[in-house]
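Peer 1: Read off the chains here:
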Amino acid sequence: DSGVTQTPKHLITATGQRVTLRCSPRSGDLSVYWYQQSLDQGLQFLIHYYNGEERAKGNILERFSAQQFPDLHSELNLSSLELGDSALYFCASSVGSGKGSPLHFGNGTRLTVT
Amino acid sequence: DQQVKQNSPSLSVQEGRISILNCDYTNSMFDYFLWYKKYPAEGPTFLISISSIKDKNEDGRFTVFLNKSAKHLSLHIVPSQPGDSAVYFCAASEFTGANSKLTFGKGITLSVRP
Numbered sequence: 001d002s003g004v005t006q007t008p009k010h011l012i013t014a015t016g017q018r019v020t021l022r023c024s025p026r027s028g029d030l031s032v033y034w035y036q037q038s039l040d041q042g043l044q045f046l047i048h049y050y051n052g053e054e055r056a057k058g059n060i061l062e063r064f065s066a067q068q069f070p071d072l073h074s075e076l077n078l079s080s081l082e083l084g085d086s087a088l089y090f091c092a093s094s095v096g097s098g099k100g101s102p103l104h105f106g107n108g109t110r111l112t113v114t
Numbered sequence: 001d002q003q004v005k006q007n008s009p010s011l012s013v014q015e016g017r018i019s020i021l022n023c024d025y026t027n028s029m030f031d032y033f034l035w036y037k038k039y040p041a042e043g044p045t046f047l048i049s050i051s052s053i054k055d056k057n058e059d060g061r062f063t064v065f066l067n068k069s070a071k072h073l074s075l076h077i078v079p080s081q082p083g084d085s086a087v088y089f090c091a092a093s094e095f096t097g098a099n100s101k102l103t104f105g106k107g108i109t110l111s112v113r114p
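Sequence order for the protein chains is A and B. Per our numbering, the very first residue in the first sequence carries number 1; after that it's consecutive. Per our numbering, the very first residue in the second sequence carries number 1; after that it's consecutive.
Hint data in this document are derived by calculation from the structure and do not stem from the laboratory. Possibly wrong hints are sitting among the right ones.
Said to hold, decoys possible - Each pair of labels, with its calculated beta carbon distance range: (1) Ala70/B - Arg18/A: 41 to 49 Å; (2) Asp71/A - Ser111/B: 21 to 29 Å; (3) Arg18/A - Ser111/B: 38 to 46 Å; (4) Thr109/B - Asn59/A: 17 to 25 Å.
Unchecked claim - The calculated lysine to aspartate or glutamate pairs, modelled on EDC-like cross-linking and capped at a C-alpha distance of 20 Å, are: (5) Lys101/B - Asp29/A; (6) Lys101/B - Glu53/A; (7) Lys106/B - Asp40/A; (8) Lys101/B - Glu54/A; (9) Lys101/B - Asp24/B; (10) Lys9/A - Glu42/B; (11) Lys57/A - Asp1/B; (12) Lys5/B - Glu54/A; (13) Lys57/A - Glu94/B; (14) Lys54/B - Asp84/B.
Positions of the beta carbon are idealized from the N, C-alpha and C atoms, including for glycine.
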């Protein structure tokens, strides 16, 4: 158990809808990262928050947004969903934000857009 | 453009033999490299890492080798065990000021035959 909790585990929704994925980092971790894993793709970095502040953005679509709350949990909001958004979404946390802080991943949320 | 490449999608080895998983990268600014292991229905878990100032790091049955001039790293598992069967992701980190961004390869599926 990595200590990172992601909810829900599975989500099935229709095109055009909006969903929210939730992540609770390990106790004491200040950094939260979001990654997307599509079929036959590696883990694509979406966004990084550190102690409530956005630190880095990756290949995150404008239809997607995220935030990290004062209690350090994070939410990833996906709107105007398209079939191609179907993927595994992973949250990861780390103590710091530098290279010496390995990421600890949750078990992911599997999103299916029909 | 994939900056971290794991060109072999799968590898099958006999139990007790050596498993060698390869990874190539293109970005010369990467200065820290990590391997993650992923079982089905779970998130990736950190396995081993190496700094760009080293050429080898060993942790039990796992050794990572880095060849900076060739922009190549490899993970050696000796001896391989059936429990090592999983997807292995190579990842590279580029530290940019206050934070680092982790770039993942697509993963290699390792099967260890009893």
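Peer 1: Does each hint hold? Answer for all of them.
Peer 2: The hints, checked one at a time:
Look at Ala70/B against Arg18/A: about 46 Å separates their beta carbons, and that is inside 41 to 49 Å. With their beta carbons about 42 Å apart, Asp71/A and Ser111/B fall outside the hinted range of 21 to 29 Å. Between Arg18/A and Ser111/B the beta carbons are some 40 Å apart, a value that agrees with the proposed interval 38 to 46 Å. Checked against the given bound of 17 to 25 Å, the beta carbons of Thr109/B and Asn59/A, roughly 24 Å apart, stay inside it.
Taken as a hint, the Lys101/B and Asp29/A pair is honoured in the structure, with Cα atoms around 17 Å apart against an allowance of 20 Å. With a CA separation close to 15 Å, the supplied pair Lys101/B and Glu53/A stays within the 20 Å bound. Restraint check for Lys106/B and Asp40/A: satisfied, since their Cα atoms lie roughly 7 Å apart, inside the 20 Å limit. The suggested pairing of Lys101/B with Glu54/A holds, with an alpha-carbon distance near 13 Å, which does not exceed 20 Å.
Among the hinted pairs, Lys101/B with Asp24/B is consistent with the structure: their alpha-carbon atoms are about 17 Å apart, no more than 20 Å. For the proposed pair Lys9/A and Glu42/B, the alpha carbon gap of about 11 Å is at most 20 Å, so the pair holds. Between the alpha carbons of Lys57/A and Asp1/B the distance comes to roughly 17 Å, so the proposed pair stays at or under 20 Å and holds. Between Lys5/B and Glu54/A the alpha-carbon distance is near 28 Å, which puts this suggested pair outside the 20 Å criterion.
For the proposed pair Lys57/A and Glu94/B, the alpha carbon gap of about 14 Å is at most 20 Å, so the pair holds. A C-alpha spacing of about 25 Å is found between Lys54/B and Asp84/B, which places the hinted pair above 20 Å, so the restraint is violated.
Violated hints, listed in ascending order, are 2, 12 and 14; each of the other numbered hints is respected by the structure.
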